[in-house]
Amino acid sequence: EVQLVESGGGLVQPGRSLKLSCVASGFTFSNYGMNWIRQAPGKGLEWVAYISSGSSYIYYAETVKGRFTISRDNAKNTLYLQMTSLRSEDTALYYCARAHYRGWFAYWGQGTLVTVSS
Amino acid sequence: DIQMTQSPASLSASLEEIVTITCQASQDIGNYLSWYQQKPGKSPQLLIHSATSLADGVPSRFSGSRSGTQYSLKINRLQVEDTGIYYCLQHYSAPFTFGSGTKLEIK
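So the sequences go chain by chain: X and U.
When the letters of the first sequence are read in order and numbered with my numbering, they come out as residues 1 to 118.
When the letters of the second sequence are read in order and numbered with my numbering, they come out as residues 1 to 107.
Hints may contain errors.
Partial pick of chain X residues on the chain U-facing surface, computed with a CB cut under 7 Å [to be verified]:
#1 I58
#2 Y101
#3 W104
#4 A106
Please keep in mind that the hints were generated in silico from the structure rather than gathered at the bench.
Values in this document were obtained by computation on a predicted structure and should not be read as measured data.
Every residue, glycine too, gets a C-beta built ideally from N, C-alpha and C.
In isolation and in its complexed conformation, chain X is listed as follows:
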């Protein structure tokens, strides 16, 4: 069974940093691209970042480019999102999702909540 478990969320002050993790199991992690998607309270879904299976291709939403860094450790079956210079508008539930090779998001984690507030 495919499982994605996010962690690392919490309350953080504006301007500070936070690193999210997503541990994968039930499939060969190194074979799949991965995404981060976020959802602000009461709002819709916003794609944040994508990383290919071997980390060769990385893409970001304009809203996080230059502040967030997606990475992965295939030996640890873990996806990361390093978030710096956090703003109040980054407050959201952050999901990781496994990408099918044709791009759709086949599996999602349960999310980890990030709250940026002083």
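Take the given structure of chain X and dock chain U to it, following the hints.
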């Protein structure tokens, strides 16, 4: 960037009714369009991929179609458990973009 215009924003329909949700892409995205259902307090779940293909385990009352750059999700014989918010997603090119969502309620 590719924009996805989703409509309607909300929808209220009766049991057994047929409902249709649409997404208009701002440019050609081929069949790189998927649909997701999000129930209250839950993670989104894949319903349709490749514009028209039903994901594993999804009831056959859900279907997807495409006409040019307009994509539709149709739900036949609406059931209580279909309540939720529905999103389209274009994964043709980054930045990937979701539609704004359609909140579906059962009358």
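Checked hints:
no. : hint : verdict
1   : I58  : 9 Å, violated
2   : Y101 : 11 Å, violated
3   : W104 : 4 Å, holds
4   : A106 : 6 Å, holds
Violated hints, in rising order: 1 and 2; the structure is consistent with all others.
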